[in-house]
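Protein chains: 2
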Amino acid sequence: MIHNLFGVSLPIVQGGMIWCSGARLASAVSNAGGLGLLGSGSMYPEELKLAIEDTKRLTSKPFGVNLPLLYPQVDQHIQTIIDSQIPVVFTSAGSPKKYTSLFKSHGIQVVHVVSSSEFAKKSEDAGVDAVVAEGFEAGGHNGREETTTMCLIPAVVDAVKIPVIAAGGIGCGRTMSAAIALGASGVQVGSRFAMTLESDAHGLFKEMVIAAKEGDTKLTLKEITPVRLLNTPFYKSVIEAYDNGASLDELRELLGRGRAKKGMREGNIADGEFEIGQISGRINSIESAENVIMQMVQEFNAVNSKLGNISF
Amino acid sequence: MIHNLFGVSLPIVQGGMIWCSGARLASAVSNAGGLGLLGSGSMYPEELKLAIEDTKRLTSKPFGVNLPLLYPQVDQHIQTIIDSQIPVVFTSAGSPKKYTSLFKSHGIQVVHVVSSSEFAKKSEDAGVDAVVAEGFEAGGHNGREETTTMCLIPAVVDAVKIPVIAAGGIGCGRTMSAAIALGASGVQVGSRFAMTLESDAHGLFKEMVIAAKEGDTKLTLKEITPVRLLNTPFYKSVIEAYDNGASLDELRELLGRGRAKKGMREGNIADGEFEIGQISGRINSIESAENVIMQMVQEFNAVNSKLGNISF
Chain A
1 MIHNLFGVSL
11 PIVQGGMIWC
21 SGARLASAVS
31 NAGGLGLLGS
41 GSMYPEELKL
51 AIEDTKRLTS
61 KPFGVNLPLL
71 YPQVDQHIQT
81 IIDSQIPVVF
91 TSAGSPKKYT
101 SLFKSHGIQV
111 VHVVSSSEFA
121 KKSEDAGVDA
131 VVAEGFEAGG
141 HNGREETTTM
151 CLIPAVVDAV
161 KIPVIAAGGI
171 GCGRTMSAAI
181 ALGASGVQVG
191 SRFAMTLESD
201 AHGLFKEMVI
211 AAKEGDTKLT
221 LKEITPVRLL
231 NTPFYKSVIE
241 AYDNGASLDE
251 LRELLGRGRA
261 KKGMREGNIA
271 DGEFEIGQIS
281 GRINSIESAE
291 NVIMQMVQEF
301 NAVNSKLGNI
311 SF
Chain B
1 MIHNLFGVSL
11 PIVQGGMIWC
21 SGARLASAVS
31 NAGGLGLLGS
41 GSMYPEELKL
51 AIEDTKRLTS
61 KPFGVNLPLL
71 YPQVDQHIQT
81 IIDSQIPVVF
91 TSAGSPKKYT
101 SLFKSHGIQV
111 VHVVSSSEFA
121 KKSEDAGVDA
131 VVAEGFEAGG
141 HNGREETTTM
151 CLIPAVVDAV
161 KIPVIAAGGI
171 GCGRTMSAAI
181 ALGASGVQVG
191 SRFAMTLESD
201 AHGLFKEMVI
211 AAKEGDTKLT
221 LKEITPVRLL
231 NTPFYKSVIE
241 AYDNGASLDE
251 LRELLGRGRA
261 KKGMREGNIA
271 DGEFEIGQIS
281 GRINSIESAE
291 NVIMQMVQEF
301 NAVNSKLGNI
311 SF
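Respectively, the protein sequence lines represent chains A and B. Reminder that position 251 of the first sequence reads as 251 in this note's numbering, one-by-one numbering, no gaps. Reminder that position 179 of the second sequence reads as 179 in this note's numbering, one-by-one numbering, no gaps.
Since the hints were derived computationally from the structure, they do not count as laboratory data. Beta carbons are placed, not taken as given, at the ideal position from N, Cα and C, and that holds for glycine. Treat the hints loosely; a few may be bogus.
Only pairs whose alpha carbons sit at most 30 Å apart, straight line, appear in this in silico DSS-like list of lysine-lysine [stated by the list, open to error]: (1) K121(A) with K306(B); (2) K213(B) with K161(A); (3) K122(A) with K56(B); (4) K213(A) with K222(B); (5) K222(B) with K218(A).
To spell it out: a stretch of chain A is covered by chain B in this simulated footprint if at least three of its residues, at any positions, have a beta carbon under 8 Å from a beta carbon of chain B; those stretches are [what the hints assert, rightly or not]: (6) 114–120; (7) 130–142; (8) 201–210; (9) 298–305.
Here are a few chain B residues that face chain A, going by a calculated C-beta distance under 7 Å [claimed, not checked]: (10) K121; (11) E145; (12) C151; (13) A155; (14) S177; (15) A181; (16) S247; (17) Q278; (18) Q298; (19) N301; (20) N304; (21) I310.
With the rest of the complex left out, here is chain A (with noise of 0.2 Å):
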């Protein structure tokens, strides 16, 4: 399982989310014996630094970094990440072909982010030590071919050798068994952690989350980059523009800019975008990420010990 890879006890990775995952989130996830990451994608230069050492402070334990290769900066984030000797970048939205021989001569494990068996078999050319194949029901960004966890996962594990790490739908012991069955080696957890006590969204962001229902977040923006957001305001102004016949340039000057960090950070339920993913309409409550994942690991258990005793 990928929790040896990382030298961790758990096969559960917590996803690297922009405007969620800080230090605080990072080390608790770390110190209860997943791999945090901090999500760099939603910090300035300085900030992934002062994150870092932060982080360092809080936990003894391995951490990584989530760097989204399109990323202004990211020759400034890369040498932060090599001068701070981060053990693992999860490298995404961008070709894992560019940097992964630069982290791996500095001893830095590559996992790449992938939504296909395509361009899974394409980091693997590259050389990365694992892959995250994310489904259609994740939150954030996502891929065009819409494919979903249950399909995705044992594509990909029957198209490359090296270990992959399912992502999309999955935060509770039950989901993490069923990535397990469909030949996984861990997973990776967004937006279960994005809605713990220790994340960086804002209480109204946690709030609107405990309130959603199934059904309550869409893949949208497509023509753009597809991203699945809560249904808020701004989600219906998009629908709304659709329903009009917006052009693309039309779209592009209603996303605008700095969308995420007003909704997820600062709350601005009016203007903001909320990126979560499906399963928000199954999360209850704002615990600690320790809570979290030992609830995960114990029904975990049960499921795994269920279904061995199952046999036709």
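Fit chain B to the given chain A structure using the hints.
Using the frame of chain A, we list chain B on its own:
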């Protein structure tokens, strides 16, 4: 597990798919230990009678009928099902309130197909014996909420007390094991059985699915009734219509009538509509239904035995 309810050996139900699920397929599945279903949605009343007679001649095991409740001559189908002493009917596309008590009064079990927890609860209230919960990745008609199997099954299992049969993306032992891990009491397998030797699907349809890759199906026509289609000339003309801002009436006219028969039964690639699930990308051979079931069970047992030995 669900097979006890149906009096068969395995918790595997074969979806009652239009133009695919006739006497040959239903009897082959029932003979192999699963529960075969006739897809009555594409049969005239006389055809259903003949199909039931044929199936009874081909197997002595229990089999059922899938009945879309919006079928124009639904009353004739219902009378046939009652007269033929079919033990179980799978109802879909309509309210379970209307006919469940009628079937139950004749000793016929009722399973309703749903795509949300809300409709699962309504089905339970209507007195059905079980529900099929079908995720976004499934072929054919589908829910507007777009909830995937990974997210839908645990939610439905928590929402109702009756058994839940998982559908959508399931066609091998790994996905079957994942469905059971999510809390399902059995699985309904559609696409994989549509692509067997005994399926009435046209040979050209089968060839196209063998050739299909990951991402080659899309859920479309959401304004009429959401349906997952294979990427063919008709599908492309739908996309073109959307790009040109087609109205609801124009979409309805484009869809027209009889396209599913043209495609799936007659193999008319140019004009036909081909309904199939996301797992079509993982279907690479046409085998007997018995082989499909044997491989599923073998892999299911291997996965479960592995999971039974993992704990943290």
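**Asked** Out of the numbered hints, which ones does the structure contradict?
**Response** 3, 8, 10, 16 and 18
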